[in-house]
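Given these sequences and hints, build the entire structure.
Going by full-length UniProt numbering, the first residue of the sequence shown is number 1, and it counts up by one from there.
It is possible that some hints are incorrect.
DEER-style ranges, computed between Cβ atoms [unchecked claim]:
no.: 1; residue 1: 128; residue 2: 177; range: 25 to 33 angstroms
no.: 2; residue 1: 247; residue 2: 145; range: 35 to 43 angstroms
no.: 3; residue 1: 170; residue 2: 87; range: 25 to 33 angstroms
Straight-line Cα separation of at most 16 angstroms, EDC-like style, residue types lysine to aspartate or glutamate; simulated pairs [claimed, not checked]:
no.: 4; residue 1: 247; residue 2: 57
no.: 5; residue 1: 196; residue 2: 170
no.: 6; residue 1: 37; residue 2: 57
no.: 7; residue 1: 95; residue 2: 75
no.: 8; residue 1: 196; residue 2: 231
no.: 9; residue 1: 172; residue 2: 231
no.: 10; residue 1: 190; residue 2: 244
no.: 11; residue 1: 196; residue 2: 182
no.: 12; residue 1: 190; residue 2: 241
no.: 13; residue 1: 196; residue 2: 175
no.: 14; residue 1: 190; residue 2: 175
no.: 15; residue 1: 102; residue 2: 244
no.: 16; residue 1: 37; residue 2: 68
no.: 17; residue 1: 122; residue 2: 57
no.: 18; residue 1: 102; residue 2: 231
no.: 19; residue 1: 37; residue 2: 75
no.: 20; residue 1: 172; residue 2: 182
no.: 21; residue 1: 102; residue 2: 68
no.: 22; residue 1: 93; residue 2: 75
no.: 23; residue 1: 181; residue 2: 231
no.: 24; residue 1: 102; residue 2: 241
Rather than coming from a laboratory, the hints here were simulated on the basis of the structure.
Note that beta-carbon positions come from the ideal geometry of N, C-alpha and C, so glycine has one too.
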Amino acid sequence: MMKLAILLVVAAIAKQTYGDEPEAIVGGDYAVLGQIKYIASLQTNGGHMCGGSLISDTHVLTAAHCVEGLHSVNDMTVVTGTINWMISGQTHKIKCIRIHPKYNGDPMGAYKYDIAVITLVKPIIINANQAPIPLANMNYATGNYRGTVCGWGLINERWNIPIFRLRCVEMKILETAHCMKEHTYPQTSKGHMCTKAEVDKAFCSGDSGGPLVANGQLCGIVSWSKRCGGDSPDVYTSVYDYRDFIKESQMMC
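Next comes the structure, spelled out in structure tokens:
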């Protein structure tokens with residue numbers, strides 16, 4: 001079972017008034033088909049559970065907490081090539097999953113090493129709607145960049161109602177030292193990165209494992225926040241800091 005407690009509220013939520021269409025990523029915009037080719041929906045029992053990112057034609061990068069509770073790789077499927085996970089896309093079976101060996105799912109440890117690599121049974125067919133994204137080749141947590149986070153999520157923290165259409169929002173990526181100063185309990189560290197808390201811009205339940213992208217490169221994996229849309233920075237696993245683990249995992253299955 002996924003750890004979606006207070007510290008692991010990790011996906012996109014939005015405000016809704018009666019009669020409005022549900023919104024996911026807080027303050028975001030709907031994506032169009034073919035715009036976010038690398039996005040993946042990790043599904044269990046036919047429903048969206050977490051996000052992920054295509055990093056090759058056979059590999060998906062996600063958060064460890066999204067897959068740690070699976071009893072079998074057959075308990076989850078990966079859907080790609082869609083902005084509406086409910087009605088379209090291509091479904092892929094999973095061959096194996098490698099969770100970082102140092103991950104232990106401890107919320108008081110700030111969910112360090114919250115990263116996993118999924119290997120698909122068969123390669124995806126790269127086309128106009130689905131294609132891998134390159135990994136970050138530099139550290140984007142310098143305070144000089146903005147990134148885009150995308151995902152599907154719930155309407156808000158109180159109502160367990162899913163969102164079907166993909167949404168994205170752009171946010172400022174903070175310097176690592178700033179992130180550590182803002183999150184002292186639990187303490188973030190090297191291996192984490194944060195985006196600045198802004199009014200009506202956030203992620204929340206449903207987008208765990210999803211991508212944070214800067215300059216066309218995958219730089220972060222949605223990990224946790226203290227509160228959806230709160231005043232504390234949202235926390236991601238830094239892809240740049242785990243490049244060796246990712247490359248090693250791609251060759252192990």
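Do the hints match the structure? See the list:
Distance hint check for residue 128 and residue 177: the Cβ-Cβ separation is about 41 angstroms, which falls outside the suggested range of 25 to 33 angstroms. About 23 angstroms separates the C-beta atoms of residue 247 and residue 145, a value inconsistent with the hinted range of 35 to 43 angstroms. Between residue 170 and residue 87 the Cβ separation comes to about 27 angstroms, which falls inside the hinted range of 25 to 33 angstroms. The suggested pairing of residue 247 with residue 57 holds, with an alpha-carbon distance near 14 angstroms, which does not exceed 16 angstroms.
At roughly 10 angstroms between alpha-carbon atoms, residue 196 and residue 170 fall within 16 angstroms of each other, so this suggested pair holds. For the hint pairing residue 37 with residue 57, the CA-to-CA distance comes to about 12 angstroms; that is within 16 angstroms, so the pair holds. A hinted pair counts as satisfied when its Cα atoms are at most 16 angstroms apart, and residue 95 with residue 75 qualifies at roughly 11 angstroms. A C-alpha spacing of about 9 angstroms is found between residue 196 and residue 231, which places the hinted pair at or below 16 angstroms, so the restraint holds.
Taking the CA atoms of residue 172 and residue 231, the gap is near 14 angstroms; set against the 16 angstroms cutoff, the hint holds. With a C-alpha separation of about 15 angstroms, the suggested pairing of residue 190 with residue 244 holds against the 16 angstroms cut-off. A threshold of 16 angstroms between alpha carbons decides the hint, and for residue 196 with residue 182 the separation of about 10 angstroms falls inside it, so the pair holds. Between the alpha carbons of residue 190 and residue 241 the distance comes to roughly 8 angstroms, so the proposed pair stays at or under 16 angstroms and holds.
Our distance criterion of 16 angstroms between C-alpha atoms is met by residue 196 and residue 175, whose separation comes to about 10 angstroms. Between residue 190 and residue 175 the alpha-carbon distance is near 11 angstroms, which keeps this suggested pair within the 16 angstroms criterion. Straight-line distance between C-alpha atoms of residue 102 and residue 244 comes to about 14 angstroms, which keeps the hinted pair within the 16 angstroms bound. For the proposed pair residue 37 and residue 68, the alpha carbon gap of about 26 angstroms is over 16 angstroms, so the pair is violated.
The straight-line distance between the Cα atoms of residue 122 and residue 57 is roughly 8 angstroms, inside the 16 angstroms bound, and the hint therefore holds. Simply put, residue 102 and residue 231 have alpha-carbon atoms about 29 angstroms apart, too far for the 16 angstroms limit, and the pair is violated. Among the hinted pairs, residue 37 with residue 75 is inconsistent with the structure: their alpha-carbon atoms are about 24 angstroms apart, more than 16 angstroms. A threshold of 16 angstroms between alpha carbons decides the hint, and for residue 172 with residue 182 the separation of about 15 angstroms falls inside it, so the pair holds.
Taking the CA atoms of residue 102 and residue 68, the gap is near 12 angstroms; set against the 16 angstroms cutoff, the hint holds. With a C-alpha separation of about 10 angstroms, the suggested pairing of residue 93 with residue 75 holds against the 16 angstroms cut-off. With a C-alpha separation of about 14 angstroms, the suggested pair residue 181 and residue 231 falls inside the 16 angstroms cut-off, and the hint holds. With a C-alpha separation of about 14 angstroms, the suggested pair residue 102 and residue 241 falls inside the 16 angstroms cut-off, and the hint holds.
Checked against the numbered hints listed earlier, the structure breaks hints 1, 2, 16, 18 and 19; every other hint is satisfied.
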